[in-house]
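Residues per chain are reported as follows:
There are 2 protein chains.
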Amino acid sequence: MEGSQSVIQAMDILKTMIFLLVGGLTALWATWKLRIPDIAIYLILGIVLGPSVLGLFSVHPDSTMNQFLLIFGAATLLFEGGMSIQIGVLKRVIVSVINLATLGVIVTAAITAVATHFLLGLDWIYALLLAAVIASTDPATLVPVFRQVPIRDHVQQTVVTESAFNDATGAILTFSVLGIVMGSSAFSWGTALGGLLWQAFGGALIGTALAYAAAFGVSRFVWMKGVEPVLLPILIAGSYLAATDGVVALGAAAGLHVEAASGFMAVFCCGLVFGNGDALGCHVPEGDLDEMHSFLAHAALMLRMFIFLLLGSQVDFAVLGKYWLPALGVVAVFMLIARPATVVASCLPDRRAGWAKEDLLFMFWTRETGVIPAALAGFLSAALTARGKELAASADALQQTTGQALLQLGPMISSVTFMAILLTILVQATTTRWLAGKLGLLKEKQA
Amino acid sequence: MEGSQSVIQAMDILKTMIFLLVGGLTALWATWKLRIPDIAIYLILGIVLGPSVLGLFSVHPDSTMNQFLLIFGAATLLFEGGMSIQIGVLKRVIVSVINLATLGVIVTAAITAVATHFLLGLDWIYALLLAAVIASTDPATLVPVFRQVPIRDHVQQTVVTESAFNDATGAILTFSVLGIVMGSSAFSWGTALGGLLWQAFGGALIGTALAYAAAFGVSRFVWMKGVEPVLLPILIAGSYLAATDGVVALGAAAGLHVEAASGFMAVFCCGLVFGNGDALGCHVPEGDLDEMHSFLAHAALMLRMFIFLLLGSQVDFAVLGKYWLPALGVVAVFMLIARPATVVASCLPDRRAGWAKEDLLFMFWTRETGVIPAALAGFLSAALTARGKELAASADALQQTTGQALLQLGPMISSVTFMAILLTILVQATTTRWLAGKLGLLKEKQA
Numbered sequence: 013m014e015g016s017q018s019v020i021q022a023m024d025i026l027k028t029m030i031f032l033l034v035g036g037l038t039a040l041w042a043t044w045k046l047r048i049p050d051i052a053i054y055l056i057l058g059i060v061l062g063p064s065v066l067g068l069f070s071v072h073p074d075s076t077m078n079q080f081l082l083i084f085g086a087a088t089l090l091f092e093g094g095m096s097i098q099i100g101v102l103k104r105v106i107v108s109v110i111n112l113a114t115l116g117v118i119v120t121a122a123i124t125a126v127a128t129h130f131l132l133g134l135d136w137i138y139a140l141l142l143a144a145v146i147a148s149t150d151p152a153t154l155v156p157v158f159r160q161v162p163i164r165d166h167v168q169q170t171v172v173t174e175s176a177f178n179d180a181t182g183a184i185l186t187f188s189v190l191g192i193v194m195g196s197s198a199f200s201w202g203t204a205l206g207g208l209l210w211q212a213f214g215g216a217l218i219g220t221a222l223a224y225a226a227a228f229g230v231s232r233f234v235w236m237k238g239v240e241p242v243l244l245p246i247l248i249a250g251s252y253l254a255a256t257d258g259v260v261a262l263g264a265a266a267g268l269h270v271e272a273a274s275g276f277m278a279v280f281c282c283g284l285v286f287g288n289g290d291a292l293g294c295h296v297p298e299g300d301l302d303e304m305h306s307f308l309a310h311a312a313l314m315l316r317m318f319i320f321l322l323l324g325s326q327v328d329f330a331v332l333g334k335y336w337l338p339a340l341g342v343v344a345v346f347m348l349i350a351r352p353a354t355v356v357a358s359c360l361p362d363r364r365a366g367w368a369k370e371d372l373l374f375m376f377w378t379r380e381t382g383v384i385p386a387a388l389a390g391f392l393s394a395a396l397t398a399r400g401k402e403l404a405a406s407a408d409a410l411q412q413t414t415g416q417a418l419l420q421l422g423p424m425i426s427s428v429t430f431m432a433i434l435l436t437i438l439v440q441a442t443t444t445r446w447l448a449g450k451l452g453l454l455k456e457k458q459a
Numbered sequence: 013m014e015g016s017q018s019v020i021q022a023m024d025i026l027k028t029m030i031f032l033l034v035g036g037l038t039a040l041w042a043t044w045k046l047r048i049p050d051i052a053i054y055l056i057l058g059i060v061l062g063p064s065v066l067g068l069f070s071v072h073p074d075s076t077m078n079q080f081l082l083i084f085g086a087a088t089l090l091f092e093g094g095m096s097i098q099i100g101v102l103k104r105v106i107v108s109v110i111n112l113a114t115l116g117v118i119v120t121a122a123i124t125a126v127a128t129h130f131l132l133g134l135d136w137i138y139a140l141l142l143a144a145v146i147a148s149t150d151p152a153t154l155v156p157v158f159r160q161v162p163i164r165d166h167v168q169q170t171v172v173t174e175s176a177f178n179d180a181t182g183a184i185l186t187f188s189v190l191g192i193v194m195g196s197s198a199f200s201w202g203t204a205l206g207g208l209l210w211q212a213f214g215g216a217l218i219g220t221a222l223a224y225a226a227a228f229g230v231s232r233f234v235w236m237k238g239v240e241p242v243l244l245p246i247l248i249a250g251s252y253l254a255a256t257d258g259v260v261a262l263g264a265a266a267g268l269h270v271e272a273a274s275g276f277m278a279v280f281c282c283g284l285v286f287g288n289g290d291a292l293g294c295h296v297p298e299g300d301l302d303e304m305h306s307f308l309a310h311a312a313l314m315l316r317m318f319i320f321l322l323l324g325s326q327v328d329f330a331v332l333g334k335y336w337l338p339a340l341g342v343v344a345v346f347m348l349i350a351r352p353a354t355v356v357a358s359c360l361p362d363r364r365a366g367w368a369k370e371d372l373l374f375m376f377w378t379r380e381t382g383v384i385p386a387a388l389a390g391f392l393s394a395a396l397t398a399r400g401k402e403l404a405a406s407a408d409a410l411q412q413t414t415g416q417a418l419l420q421l422g423p424m425i426s427s428v429t430f431m432a433i434l435l436t437i438l439v440q441a442t443t444t445r446w447l448a449g450k451l452g453l454l455k456e457k458q459a
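Top to bottom, those sequences are chains A and B.
If you're matching positions, the first sequence starts at 13 in our numbering and goes up one per residue.
If you're matching positions, the second sequence starts at 13 in our numbering and goes up one per residue.
Derived from the structure by calculation, the hints contain no laboratory data.
The reader is advised that the hints may include incorrect statements.
[Unchecked claim] Here are the simulated EDC-like pairs of lysine to aspartate or glutamate, each with C-alpha atoms no more than 20 Å apart in a straight line:
(1) B:K237 - A:E303
(2) A:K369 - A:D135
(3) B:K450 - B:D135
(4) A:K237 - B:D165
(5) A:K237 - B:E303
[Stated by the list, open to error] Just the calculated beta-carbon pair ranges, DEER-fashion:
(6) A:W44 - B:K401: 34 to 40 Å
(7) A:W336 - B:G67: 28 to 34 Å
(8) B:H305 - A:L348: 47 to 53 Å
(9) B:S306 - A:S75: 16 to 22 Å
(10) A:L373 - B:A291: 34 to 40 Å
(11) B:S306 - A:F228: 43 to 49 Å
(12) A:A261 - B:D165: 27 to 33 Å
C-beta: ideal position from N, C-alpha, C; glycine also.
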């Protein structure tokens with residue numbers, strides 16, 4: 013195959029793909045051996061196979077391939093998270109879940125930001141950006157954990173649903189703060205809240221509309237029989253794009269300035285509505301759903317491998333080594349103070365759910381951090397580095413200082429995110445069975 | 013999402029992906045309505061949605077995305093073709109199939125090259141390159157055709173198996189001739205034959221070895237349960253890369269100059285062995301195979317959409333308009349003279365198969381051209397254009413002339429390939445039922 017540069021680049025992508033998939037397969041073996049959630053092992057293996065150690069593959073954070081995998085990968089995992097939620101169970105604990113996914117994210121981010129400000133010495137807005145990135149919990153980690161350690165429905169479904177909902181909130185909060193950091197929007201509480209609401213509801217509306225359209229197609233059109241999985245990437249990429257670039261372009265075509273809504277919220281709601289057809293008057297035949305679930309599960313597994321192996325491979329040990337002590341302090345506050353405060357503030361007001369002390373104690377220790385923070389950290393690294401270079405090259409001294417700060421901030425966020433993911437998963441997920449046993453929440457007796 | 017160029021490019025890929033998938037879905041509806049093989053409709057829709065007409069999407073032939081989809085897509089379709097073949101049926105008609113897939117490809121290419129030389133006025137070696145590109149028949153088209161029109165096993169399996177085998181031969185022939193055209197190898201019959209044999213057997217060996225390794229893993233390792241589909245992209249990309257860049261790199265590491273083997277042959281044999289585990293002493297549990305078949309079928313469908321929509325969108329109407337009459341002549345010779353000659357030369361010597369006159373007549377009219385020629389034409393366009401530009405910019409007058417010829421050749425090959433694909437599929441696939449009925453080969457009476 014002589015010839016063009018593009019062929020060589022295509023072959024390089026194929027090579028990276030194989031390293032990632034073989035690495036992922038090895039990690040699955042280790043997962044089975046060690047009984048640790050798979051993403052912890054992808055992360056560790058990503059470090060080992062990546063440029064820091066063996067150098068078997070290298071994908072630059074600011075490359076098209078990396079960005080594509082992060083956007084499409086995170087969107088796919090969110091869609092899958094939405095599809096796997098059962099609206100019926102959701103109804104019973106809805107107040108607690110909504111509190112956890114809105115107020116809770118803000119409480120976690122605020123407390124973590126305070127720790128970040130004092131321990132890492134970051135300006136408040138940068139501290140808040142870092143805290144927002146790691147504020148959400150991870151369905152991709154929690155679902156497999158509870159498959160191994162089944163506990164009482166009440167608690168399990170709350171934590172899982174929280175993790176699916178707060179991904180979108182965390183992403184919205186992060187991008188709102190990022191807008192301020194990048195200097196594209198001046199801060200005002202009114203604008204921020206309005207933006208947040210538009211992002212959340214605009215995104216939800218677009219995702220829901222697409223889900224209804226797809227469900228209508230699947231339930232009506234005979235010719236779609238057997239080819240339903242083609243709909244999945246359309247819904248995933250489509251709802252993300254429609255909510256972001258789509259509404260902006262539509263607004264511009266109508267002569268209006270419209271802000272992008274939340275692509276993540278759109279994808280999540282699209283999955284939620286599409287997967288809960290019957291409960292929401294949007295019927296997708298059971299057999300078709302099964303076929304799509306199966307295809308989606310395998311595709312999501314591969315994307316999870318890609319994202320976490322890449323994240324591991326992109327950790328900057330120079331930065332991690334420099335900041336490891338304060339970063340450890342931030343993550344300790346995040347796990348031991350912010351989480352309990354979040355659970356108490358979100359669940360205690362919900363009388364109807366009737367939480368027992370054991371339930372709350374268990375939730376204190378369950379805030380696995382995962383895919384979305386990883387994806388957000390990846391986005392941010394790229395965006396902050398680009399903007400930082402721009403400002404650092406400016407003639408203005410103040411802009412130069414800001415540019416330098418942004419250039420430092422990207423790797424710092426990646427490193428703290430990495431530490432939060434690794435610690436929460438390695439420490440919490442591996443002790444879930446023990447804790448649930450102590451608190452009498454294990455389901456095994458009934459089974 | 014402010015920020016980097018890579019994010020914008022990633023979003024552009026997502027956009028193109030959606031246009032291709034929505035276009036593909038529309039084509040599936042038309043397929044169901046019109047009962048024409050889907051790839052014909054992708055082609056037509058690719059023209060309509062692409063830059064020639066509506067301009068909804070545009071992917072340059074010599075872009076990384078296009079090359080990646082062509083390599084990985086064609087490899088996936090070949091792997092699927094291999095997996096779907098039943099070794100048991102293969103045994104009965106093996107001599108005819110081997111003849112069709114080796115001698116037959118050469119007969120077709122030779123006769124078509126003569127027509128090309130005289131009708132399009134191309135030099136012999138260029139004429140042979142063009143003929144080699146379209147010499148193979150297409151499993152991705154034939155399998156769905158026979159699902160709608162079931163005919164006698166004997167004939168059906170021969171044509172389907174031929175189509176799977178001759179893809180690799182056609183690709184090998186094409187790349188051998190391309191090597192000469194690009195000036196990287198001087199022509200000698202000995203070297204050419206030796207190269208062909210190494211490419212075929214080296215590729216087959218590598219694909220087979222990988223298939224055994226994977227089958228061993230699936231049948232032995234408990235931890236692989238439920239995650240087998242991860243193996244598919246590893247086998248597809250892995251066997252292709254191992255046979256091409258892999259052996260070259262391995263040779264270089266040992267201080268030897270080793271030519272690349274055929275990646276397509278490797279992928280096809282990998283699928284064949286992996287899918288026929290029991291018959292070849294390489295056991296893959298039935299349930300695991302089913303799960304992989306289902307995942308692969310959906311992924312292959314999407315890749316088929318991508319490849320054919322892109323091919324349609326990349327047809328150059330200026331060139332097609334300029335050469336349509338001689339191109340039509342070439343395709344007429346190709347369908348009406350080369351194919352019957354190929355069938356007679358390959359099948360008549362095989363006494364054991366006991367071919368009836370009706371069987372042969374049916375095969376005369378069954379040479380649907382499809383995915384691999386499309387992929388080869390795409391490769392070639394890029395490679396010839398790159399090399400042509402290089403030579404055209406040279407100071408040497410002879411090299412300039414060669415460069416000009418190569419620059420013309422790429423689009424010419426794409427256009428004749430397009431005409432061959434469209435004509436064989438639109439004319440032959442739509443009349444298969446009628447012809448099989450006339451010849452008394454339809455299976456419906458027994459069913």
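Here is what the structure says about each hint:
Proximity of B:K237 to A:E303 is assessed by CA-CA distance (about 18 Å); at most 20 Å being required, the pair is judged to hold. With a C-alpha separation of about 37 Å, the suggested pair A:K369 and A:D135 falls outside the 20 Å cut-off, and the hint is violated. Distance restraint check for B:K450 and B:D135: the Cα-Cα separation of roughly 41 Å exceeds the 20 Å cut-off, and the hinted pair is therefore not satisfied. Distance hint between A:K237 and B:D165 is unfulfilled; the C-alpha atoms sit about 27 Å from each other, more than 20 Å.
For the hint linking A:K237 to B:E303, the alpha-carbon distance of about 18 Å falls within 20 Å, and the restraint holds. Checked against the given bound of 34 to 40 Å, the beta carbons of A:W44 and B:K401, roughly 52 Å apart, lie outside it. A C-beta distance of roughly 53 Å is found between A:W336 and B:G67, which places it outside the suggested range of 28 to 34 Å. For B:H305 paired with A:L348, a C-beta distance near 49 Å keeps the hint of 47 to 53 Å intact.
A hinted range of 16 to 22 Å for the beta carbons of B:S306 and A:S75 is inconsistent with their spacing of about 33 Å. Separated by about 58 Å at the C-beta atoms, A:L373 and B:A291 break the suggested range of 34 to 40 Å. At roughly 25 Å, the beta carbons of B:S306 and A:F228 sit outside the given window of 43 to 49 Å. The supplied range of 27 to 33 Å is broken by A:A261 and B:D165, whose beta-carbon atoms lie about 54 Å from each other.
Checked against the numbered hints given earlier, the structure breaks hints 2, 3, 4, 6, 7, 9, 10, 11, 12 and satisfies all the rest.
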